[in-house]
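Go ahead and model the full structure; you've got the sequences and the hints to work with.
Just so it is clear: in the sequence shown, position 91 is 91 by our numbering, and no numbers are missing.
Hints are computed from structural coordinates only; laboratory data are not their basis.
Virtual Cβ for every residue (Gly too), placed ideally from N, Cα, C.
Do not take every clue at face value.
[What the hints assert, rightly or not] Computed beta-carbon distance windows for the label pairs:
(1) Glu18 to Ile191: 21 to 31 Å
(2) Arg76 to Asp182: 39 to 49 Å
(3) Glu43 to Thr198: 19 to 29 Å
(4) Lys54 to Ala124: 21 to 31 Å
(5) Phe34 to Leu7: 17 to 27 Å
(6) Thr55 to Ala124: 11 to 21 Å
(7) Pro20 to Gly149: 40 to 50 Å
(8) Leu125 to Lys19: 42 to 52 Å
(9) Asp143 to Asp216: 37 to 47 Å
(10) Asp143 to Gly45: 38 to 48 Å
[To be verified] Straight-line Cα separation of at most 27 Å, BS3-like style, residue types lysine-lysine; simulated pairs:
(11) Lys81 to Lys23
(12) Lys82 to Lys186
(13) Lys101 to Lys193
(14) Lys101 to Lys23
(15) Lys101 to Lys54
(16) Lys186 to Lys205
(17) Lys82 to Lys101
(18) Lys186 to Lys101
(19) Lys205 to Lys82
(20) Lys82 to Lys54
(21) Lys127 to Lys82
(22) Lys204 to Lys127
(23) Lys205 to Lys193
(24) Lys127 to Lys81
(25) Lys101 to Lys19
(26) Lys127 to Lys194
(27) Lys81 to Lys54
(28) Lys127 to Lys205
(29) Lys194 to Lys101
(30) Lys204 to Lys186
(31) Lys82 to Lys23
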Amino acid sequence: MNETIELLGREVIICHPEKPNGKWALKTEYFWAFPEVQNILLEMGYYVAYIASKTRWHHPSDTDARAELAQYMSERFRVRKKCVIIGMSCGGMQGIYFASKYPELVSCLYLDAPVVNLLSCPGALGKSQADFFDEFRQDMGMDIVDLLGYRNHPLDHLQNLVDHNIPVMLVSGDSDTIVPYDENGKYIDEIYKKNGCTINTVIKKGGDHHPHSLVDNTPIIDFIVEHS
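Pasting the structure below:
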């Protein structure tokens, strides 16, 4: 059963499992896109939820709204407050910001082609062919000069994830033209491995930004089950 409610003036979507297992997953953006992983989790007994963002480029209030959703889910459905983050592309960025500010609410992160470096995407100062900067400027009120001195990229929050050793399942394509792995996800892989933290990185040979997930999502599901 899918349910739509309002929380903090935002749309909330909650998918109910037939046999709840006391756990839940929070998809941070693009709720209905590439749903294979969330559908498997739903069948396994996880609630799957989403709360609308003001912008996919991260407004601080979006992070706090997700914390309120975690409280709501825990009180209403008696699930653990700690959730599984499903973050794809900009949703991966949102997941990093959330886990950095509220590590006590995150059991693990599944990050798929995550935006980590805003100079790469939407800035397109490297290999990215992203064409989103007008949208970013309108939503965030920053231009490229502002970004050059910006110290609130998802990249700047990775150390906090490491400090709390929040497990990460990282999936990216090695030929991503929108969010290039070498300019984004690679930073997560490197800092986690350098510090001996829990990470499973799968690089899809020849993979572009889409489609997300894997042909066989077993490695993703197994990781989530182990760490949630």
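Comparing the hints with the structure gives:
no., hint, result
1, Glu18 to Ile191: 21 to 31 Å, "39 Å, violated"
2, Arg76 to Asp182: 39 to 49 Å, "42 Å, holds"
3, Glu43 to Thr198: 19 to 29 Å, "25 Å, holds"
4, Lys54 to Ala124: 21 to 31 Å, "23 Å, holds"
5, Phe34 to Leu7: 17 to 27 Å, "24 Å, holds"
6, Thr55 to Ala124: 11 to 21 Å, "18 Å, holds"
7, Pro20 to Gly149: 40 to 50 Å, "47 Å, holds"
8, Leu125 to Lys19: 42 to 52 Å, "48 Å, holds"
9, Asp143 to Asp216: 37 to 47 Å, "43 Å, holds"
10, Asp143 to Gly45: 38 to 48 Å, "46 Å, holds"
11, Lys81 to Lys23, "8 Å, holds"
12, Lys82 to Lys186, "26 Å, holds"
13, Lys101 to Lys193, "22 Å, holds"
14, Lys101 to Lys23, "21 Å, holds"
15, Lys101 to Lys54, "18 Å, holds"
16, Lys186 to Lys205, "15 Å, holds"
17, Lys82 to Lys101, "13 Å, holds"
18, Lys186 to Lys101, "22 Å, holds"
19, Lys205 to Lys82, "33 Å, violated"
20, Lys82 to Lys54, "23 Å, holds"
21, Lys127 to Lys82, "36 Å, violated"
22, Lys204 to Lys127, "18 Å, holds"
23, Lys205 to Lys193, "21 Å, holds"
24, Lys127 to Lys81, "39 Å, violated"
25, Lys101 to Lys19, "31 Å, violated"
26, Lys127 to Lys194, "25 Å, holds"
27, Lys81 to Lys54, "23 Å, holds"
28, Lys127 to Lys205, "17 Å, holds"
29, Lys194 to Lys101, "22 Å, holds"
30, Lys204 to Lys186, "13 Å, holds"
31, Lys82 to Lys23, "8 Å, holds"
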